[in-house]
Amino acid sequence: MLYYPLINSGNAWRCNWARPRRSLCIQWAGVQTTQENLPLLSTISTLNVTPSTPDEQLVSAAQQGAEAALVELINRYQTLLLTVARAIVGQAHAEDTVQEAWLSIYRSLDRFEGRSSFKTWAVRIVSNEAKTRLRRESRTVALDEAELERPRLDENNFKNNGHWAAPPSRWHSETPDALLEETQLKRCIEKTLSLLPERQKAAFMLRDLEQQPLEEIADTLTISNANVRVLLHRARLTLLQVVEHYQETGQC
Amino acid sequence: MLSCRDVAQQASDHLDITDEPGLKPSMQMRLHLLLCRHCRRFIRHLRASRTLAVQVQQKHQRCEQGERILRQVKRDKPES
Ligand SMILES: [Zn+2]
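Protein chains in written order, with the numbering used here: chain Y, 1 to 252; chain V, 1001 to 1080.
Accuracy of the hints is not assured; some may be wrong.
[Unchecked claim] Computed list of lysine-lysine pairs in DSSO-like fashion (alpha-carbon distance at most 27 Å, straight line): (1) Y:Lys201 x Y:Lys131; (2) V:Lys1074 x Y:Lys159; (3) Y:Lys186 x V:Lys1074.
[What the hints assert, rightly or not] So these bits of chain V aren't anywhere near chain Y, every CB distance computed over 12 Å: (4) Lys1024; (5) Pro1025; (6) Met1027; (7) Arg1030; (8) Leu1031; (9) Leu1034; (10) His1038.
[Said to hold, decoys possible] Not close to chain V: a few residues of chain Y, all C-beta gaps over 12 Å, as computed: (11) Gln99; (12) Glu100; (13) Ser117; (14) Arg124; (15) Glu147; (16) Leu148; (17) Trp164; (18) Ala178; (19) Thr249; (20) Gln251.
Note that these hints are calculated values from the structure, not bench results.
Virtual Cβ for every residue (Gly too), placed ideally from N, Cα, C.
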């Protein structure tokens, strides 16, 4: 377990990630906050970094030089940032782009004032890094343009008058909790998620996991609002089909 | 009058609309859902599979590469 002191931000003596005084912060990392350095601080508390520590606490600890807090933020958001980068620059350059983004975050953490959440800020940084990289290398990514057009539903499902020909079948269980009990179904969903095209995956994560507004997602991925809605439609219908198929056959 | 095909086509948008506290589905949509149990079921299924996928993805969201990544950030670009 790592403990480190938290200093209130009004204190003149603040550790900065990117400045020489950091050595002093490192001296503090660890449990032993000695009597000696106590007078330097107006408020001290210790933060126990766990997967449930709120982002804001991690950010202010990281701003004061606690590396464990920054490591935890990276652990939390690396997957999300990678997904966003893949959706913009493609698989081959995503890792480098995210690495650049973390460097940018590391350098500008001091200036982060918490007007948005850390997550929103980090997504914006990785999106900007990715866009810059595209421009700099005037690279065109082979993204599937047809993916942005609204697909036609399977006509076999409907009669000519637009009514269901084959209405949605009854499921054995419909509640998410009951569905989660099905190990095989979970595997099917995992597989489907890992195979979703990059932009659909990013749209799904930003909207359905992170609950970002559509406009913000459009901006992040540099596509229109309508395009985001199409990506979501495709991703969600694919996931629905997997559950549907599993209900009928017990398989992926 | 919306057809079931139209409702299925708009089902994903419908989730976003009903998620947003300030937004309301169109009168046509509400009327159709009131009268059509098949479409109600379709939307229920769409929402349930989304929730399931979110829960599955959440379990894989965390990566334990933080230390390595931070080391590399510091090695690649020393303080300027
Ligand atoms: Zn209907």
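Inset, instruction - Enumerate the violated hints, using their earlier numbering and listing them in ascending order. - result: 2, 3, 10, 11, 12, 17 and 18
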